[in-house]
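J.: Given the coordinates of chain A, work out where chains B, C and D should sit on it, guided by the hints.
Listed below are the residues making up each chain.
Protein chains: 4
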Amino acid sequence: WRSAPTRRASSAMEELLARVAVPLPSYETRDKSPPPPESTSLEFMNFYRGLEKEDKAGFLSRLSQDCGVDHRAVSDLAAKLLDTQRRDQATILQAEDRLRYSLTPRYKQLFSHVSRVPGGVKFLVDLRADLLEILATKASDSPHIRDLNSTLKSLLSEWFSVGLLRLERITWGSPCEILQKISQYEAVHPIRNWTDLKRRVGPYRRCFAFTHGAMPGEPLVVLHVALTEDIADNIQSIVREFATLDAEEDINKINSAIFYSISSTQAGLQGVELGNYLIKRVVRELQSEFPHMAQFSSLSPIPGFSSWLQGLLSQYRKEGRGSDLLSEQEWAEVEQAVGSNPGTPAADSLRKLVATGEWTRSEKLSLALEPVLMRLCAWYLYGEKRRGFALNPVANFHLQNGATMWRINWRADTSPRGVANSCGIMVNYRYFLNETSRNSALYLQSKAVAASEQVLGLVSQFQKNSKL
Amino acid sequence: WRSAPTRRASSAMEELLARVAVPLPSYETRDKSPPPPESTSLEFMNFYRGLEKEDKAGFLSRLSQDCGVDHRAVSDLAAKLLDTQRRDQATILQAEDRLRYSLTPRYKQLFSHVSRVPGGVKFLVDLRADLLEILATKASDSPHIRDLNSTLKSLLSEWFSVGLLRLERITWGSPCEILQKISQYEAVHPIRNWTDLKRRVGPYRRCFAFTHGAMPGEPLVVLHVALTEDIADNIQSIVREFATLDAEEDINKINSAIFYSISSTQAGLQGVELGNYLIKRVVRELQSEFPHMAQFSSLSPIPGFSSWLQGLLSQYRKEGRGSDLLSEQEWAEVEQAVGSNPGTPAADSLRKLVATGEWTRSEKLSLALEPVLMRLCAWYLYGEKRRGFALNPVANFHLQNGATMWRINWRADTSPRGVANSCGIMVNYRYFLNETSRNSALYLQSKAVAASEQVLGLVSQFQKNSKL
Amino acid sequence: WRSAPTRRASSAMEELLARVAVPLPSYETRDKSPPPPESTSLEFMNFYRGLEKEDKAGFLSRLSQDCGVDHRAVSDLAAKLLDTQRRDQATILQAEDRLRYSLTPRYKQLFSHVSRVPGGVKFLVDLRADLLEILATKASDSPHIRDLNSTLKSLLSEWFSVGLLRLERITWGSPCEILQKISQYEAVHPIRNWTDLKRRVGPYRRCFAFTHGAMPGEPLVVLHVALTEDIADNIQSIVREFATLDAEEDINKINSAIFYSISSTQAGLQGVELGNYLIKRVVRELQSEFPHMAQFSSLSPIPGFSSWLQGLLSQYRKEGRGSDLLSEQEWAEVEQAVGSNPGTPAADSLRKLVATGEWTRSEKLSLALEPVLMRLCAWYLYGEKRRGFALNPVANFHLQNGATMWRINWRADTSPRGVANSCGIMVNYRYFLNETSRNSALYLQSKAVAASEQVLGLVSQFQKNSKL
Amino acid sequence: WRSAPTRRASSAMEELLARVAVPLPSYETRDKSPPPPESTSLEFMNFYRGLEKEDKAGFLSRLSQDCGVDHRAVSDLAAKLLDTQRRDQATILQAEDRLRYSLTPRYKQLFSHVSRVPGGVKFLVDLRADLLEILATKASDSPHIRDLNSTLKSLLSEWFSVGLLRLERITWGSPCEILQKISQYEAVHPIRNWTDLKRRVGPYRRCFAFTHGAMPGEPLVVLHVALTEDIADNIQSIVREFATLDAEEDINKINSAIFYSISSTQAGLQGVELGNYLIKRVVRELQSEFPHMAQFSSLSPIPGFSSWLQGLLSQYRKEGRGSDLLSEQEWAEVEQAVGSNPGTPAADSLRKLVATGEWTRSEKLSLALEPVLMRLCAWYLYGEKRRGFALNPVANFHLQNGATMWRINWRADTSPRGVANSCGIMVNYRYFLNETSRNSALYLQSKAVAASEQVLGLVSQFQKNSKL
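Chains as they are written, first to last, in this note's numbering: chain A, 133 to 600; chain B, 133 to 600; chain C, 133 to 600; chain D, 133 to 600.
Chain A extracted, bound-state conformation:
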């Protein structure tokens, strides 16, 4: 990303913006003004799409700066509003409405027009993905561009309001176009082939997606569910178990719904609540299909645990503390199992073990590490915060939704990926339906995390051992 377009590009931009991002009609004629011809919006879209990546940042900067609100008009109307404070209600209301109208950025009007042409909504979703990348990479970070982003986000929130979304159950009979995207977007537990894919939508499985009328054939957020007897503690049994591929579902074996993967597909819809609503809708759907179903839980990955742990160990090593995290006996066991060079600092050995995942090959080491990694993981999930909320994004998502941090599972994902990311550990966030509202409010407002005794027990073990 580069935010300074060439001079020539620059003048073309100016010229275009002058044409397409016109001032709002006057307050009086706002309902009497015809929209611009569609060709204007299409021209804008084509111009933008034709820009090199590095020119887009410059263009969006300019759009945000030159086509926002008319600050002078706003301050004039603010002053007028203050003047009317002693007047009658009707006068005040009108002054407020004029002020509100004047606070509409020109680019908001432009985006509204764009949303009306075929493909316009998808265009804006993608444009916002660019904006977010620009903000993330600091290619441009003016307050204007942040305003632009927040205006666009709020427009998208209206258009992707949950009332306008359609819940679709994806089956083996769904269009290939959709299933291929499901397959491609599934980042949590990658889908490798037809059989894999068929399993995800086969018996004892459900796959749901929200779609939207303005982006046909495009699943916006996808939720994979396994229907099981008990709350699952292992992901391989879900994504690699094909015994039941042609089975008829036995309703008596279905007591639990396990949300084992949820993926958003549109970068540009970041911050627009979709996943949360999808889980709620799916719970309702499942309850109507299985009236007696009583257990709803995720089986979730813990991305970042390994890196966090390695960072922690590095730091300890630097600070020469190391010993705090494990009890003396634990250190001894680890060293014995590793047969490590006596000169090597223990924390270093451990860091290497975690980094390489080699410990999984030794039964002895696994046994020695299990209590250590479990309590560290519990702490990572429960105790590590960012601005007061859970640092781990998956934890943060489910806690916001009102779930309880319910069970941390050892050897839950023994794939290389699972070992590398989280030492093979996974966690269930459980949805107790009559508690989710309260949990959600408590978490968002007081940052309180609902957790089970197992989790709290592990956390307290961690706290006893470490002096963190």
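These are calculated hints, taken from the structure and not from any lab test. This structure is a prediction, so every number in the text was calculated from the model and none was measured. You may find that some hints are simply not true.
Since copy identity is lost for identical chains, a pair holds within one copy or between any two.
[Unchecked claim] Below, a list of computed lysine-lysine pairs in the DSS-like style, where the Cα atoms sit at most 30 Å apart: (1) K240 x K579; (2) K164 x K517; (3) K185 x K330; (4) K185 x K240; (5) K579 x K164; (6) K285 x K254; (7) K270 x K164; (8) K412 x K164; (9) K254 x K330; (10) K412 x K254; (11) K484 x K596; (12) K313 x K185; (13) K517 x K285; (14) K517 x K596; (15) K240 x K164; (16) K330 x K385.
T.: Just chains B, C and D now, with coordinates in the frame of chain A:
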């Protein structure tokens, strides 16, 4: 409609509103606040639906008054904004954003939540229909209720943005649920039975509707099109001609698309542009089906012409002028044909003829009246204005869309209804595709009406005769 | 219908048949012969369609006579077969196969080709309807035409084999094309308007049809079901009760499925079992939707009862017996209620009452006639036979399917039509699922009618009273 | 396959067949007999499915032998028919009909019942696949089993009559269930991944299949079509060219439809004409989409050419002839290019070259071999026969359909598979629509092959060179 609810109802309302129309989160926490549980929105919807019609006005009054913006907060932030005018841009932008946020009425937030529950959007469309009726019947006319209406209209405009609408072609194979509604909503040329209905969706006909994901099975606006050789000048040949019911379309006989009926079905979407966009989409659709099609035109009714004419004649009679509208010879012909009592004022006879439609039974009278009624009608359509725009609502609609007032047709609707409403006259508004943008802008901005020579000729005849 | 075509038509027919109904390929080349071009079949279809009704009979006669089997070839091969009887199995089998092949009529081959072109199957269904009409009206009754009919029937039986039929549930969301046909074909309880129709496919109702790939959009046989608490004894409560039109179904109120109307739509499929299979499929469908549903029953009309009864009374009157049908007291009550002219024979009065339906207006008469008409009706259904099977066609249909004649219901159809056809009486044929197979076999093989105690009781009352 | 089941299995079979393959009803009661309960058919299906592969042959043998026709009854009725020859027509017709009825094997009746239960038709298709395998492997080859096969084939021909098939266009939006099968069944040019598959149904491609109501979701025969400017002479440009994957089709570049792959999916439908009809339907479909399309042609593989050629060379070598196939100069060029050991016989070198495909790596060799292989291939296609028809099955298929052997293409399939099977050569069978009927009849009746000048030229070159 009655706007003063009983005391008991009143306290229940207060109690409910306090619970469901809560204040907005503080500016700082606006992205961190969980939405209320769905049950809150459902409670609001059920409460409102349970109200007697006369209590609804009172309830909406209260909602608009008690759950708008916090005027003090707004004026404080307006004052702050004025204080920041000399500060840096970031500070100004933030002050503006805070002010903008403070201008969001509480009921807007409530409506957003309602839109998220199943059936919520349809509920709000119906609520707006109530609001419009209240405003129309002056049951309540506070500035607050007008603000409520305009807030809701702008929300609906976002949700029913044309990018979110789906164009559906309605055929005999469409769900009965839809076709029954098409049949029921068709107000322009009522559909009487299965055969009538089948004709409207049969060969040489097209029927299109916009539908919306949030209101499945509900056509929002419906356009009926006839495919003809020449631009049709008679409606009976379209709606009552069944010879071709089982014919195969002969593409060589299809040169023109005649929009002979367009109906909006949702009172609550008044002011949300749908019909205009539907015509544009349909034109595009037809062009892709019939690449060589070159003539697009409406064949439109002229509701109000008879009443206007009768009003005019009454007034002339009162003012004793009468004679201005017709030439002496014309008066003579009418009198002769009527064989009217010499004592009866001529204007009176004419008014009665128009009111009863009896003139249609006499060939002589018809011949005598044709030039008179044609030029009067041309004037009615072209010259009669309301706030500068065409008084006739159908004319106003097509002129806004950029159509040209193209041809006024004698004996175009010989049904009793057609004779009663507009002396059997209908009009073609023609869409010259490369002129509609310009025409639309000219009409909306300068109130200029695009009209053909035929129309202008009739208008000038009228002007010569009358001293209007 | 007229079976002798004009000479000119006649020679055109001959010429056509010679061209399209060609001899079968020799036995040796039967798998190596290309089918004729489609145009041949289309020519045949167009020729036939173009014939006047009266020429069709002649044409079909000729087709049946001139394009059947080659009798000489058949008898030669029969002789050969007899010669091979002492030879080895392979030789016998081949002789049989050649004989079998020689017994294929040329028109069978023609029909096979016709079935392969678009619309061909429907054409043959309609052609068979013509054949049946010809046979019924004796327009032509040669053994050849009966053979033609039976060949065509057996072909249609293969093509409309139940494995090739599709069960479709018809709802308010089904294509209008289908629902209009449902409406039009419903002969049992005519559908009068949209609301009527909506009711038939609304809550507490099910409407199922078999469709076939070769006749898209055409329901072949339609079954209407009401879901009720108890087995219904009145049809108006089903077809005219609209209270529940927008209700949600309460599953706890659904214990019984009442088949209240079944209609075949294709005259040409007479004798091809469809209704029977449809009932079975629907039972299975309902059981899977309502696993606890335990009562399946028809509520059926009794067409022909009134006419039968009037015939009986006329005959009695002629024979001067009259008195046998009613007890003396019953005659007295009738006479008293009628206040009939003492001179009028009682049987005559009764016949008139039945013919006019006037008795329904007098409570007294109704009471007097109830026991009489009920036992007469029971006898009509149970005792009146044709070739050993139930004379009443509806009874015969359900008894063949294995149903039990379960309950005769007074005042069950109080519509004018119901009173005129069957004195307002209707009957439930009940399907006890684990008895239907046995019942069906018993009825078809030994002509035994399964009936409930109520029915048998009424029959025995009848027998006691009358000396029939 | 083994045809002698164990004793225990054997008695279970006998017992089952006695129960399910019951004698036909008597001629008189044939229309009055209820079908057996569905459970009987299901029992038969389950029994058969449960058999080991080796027991199936024994079971089918027994079925064919014990449940055929009653030979004595047949010969009695044949004798009776001979007795009636001098009687009236009605008597003869009836005797014929009785004889015909007696020639119906019991297993035919059984199959009819099976076809009526869900899944029954698919079961019979699979059963016939078993039968064909048994016949092919000579596991059992009694005349009875051949009769069984031909009876089943003729039943399947009725059920899969083209009028009952549905043409479906397969697109990227078709159900995954279908597309996966398309992918899996595509034997001609294997599909390797999503992109490959997407290409086959993307722009400038069409993929059509016949499906059948009794086997939902199962494409029966699949035709892949490429839409091109000129008649394609290379398959890689069709199946590996992805440049146009997201292109919009330019109708001006579409002059030809190339059928580049056709696959039947159901072994059990062998001999039931489907592919032929599919091509005809697709031609009609394409003509209606592209009215001006004038060129229809296959681009077909030549399976068996390499093996045939190697066989020929082996034989020549044995017979010491070798030199006949190539001119002296050609032999010299080959030897020079190969640099072959002077001792090695030339035919041997050539055979090795063909077997290994190594010649493709040398430009020189390729040039030398081109004329040789082209004329040999032309001969293989045009001149090599089996029972008078083309030996090559693909050629036989298209010639039966009435295509012309139009162009043999060098370097048309350069994949390893293409080189191994047919030295990289492919052939276009062209469909001249107004000649196909005549060509088909000529080929089937007189075995005449329609071929272009190019093909005939190559053939005559071959004949000049070889003394074959």
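J.: So, for every hint listed, does it hold in this structure?
T.: Hints, verified against the model:
| no. | hint | result |
| --- | --- | --- |
| 1 | K240 x K579 | between (34 Å within a copy, 28 Å between copies) |
| 2 | K164 x K517 | between (52 Å within a copy, 16 Å between copies) |
| 3 | K185 x K330 | between (38 Å within a copy, 28 Å between copies) |
| 4 | K185 x K240 | within (23 Å within a copy, 38 Å between copies) |
| 5 | K579 x K164 | between (49 Å within a copy, 11 Å between copies) |
| 6 | K285 x K254 | both (13 Å within a copy, 24 Å between copies) |
| 7 | K270 x K164 | between (41 Å within a copy, 24 Å between copies) |
| 8 | K412 x K164 | between (42 Å within a copy, 19 Å between copies) |
| 9 | K254 x K330 | both (29 Å within a copy, 22 Å between copies) |
| 10 | K412 x K254 | both (25 Å within a copy, 21 Å between copies) |
| 11 | K484 x K596 | within (25 Å within a copy, 78 Å between copies) |
| 12 | K313 x K185 | within (25 Å within a copy, 41 Å between copies) |
| 13 | K517 x K285 | within (26 Å within a copy, 42 Å between copies) |
| 14 | K517 x K596 | within (19 Å within a copy, 85 Å between copies) |
| 15 | K240 x K164 | both (18 Å within a copy, 24 Å between copies) |
| 16 | K330 x K385 | within (21 Å within a copy, 38 Å between copies) |
Checked against the numbered hints listed earlier, the structure breaks none of them; every hint is satisfied.
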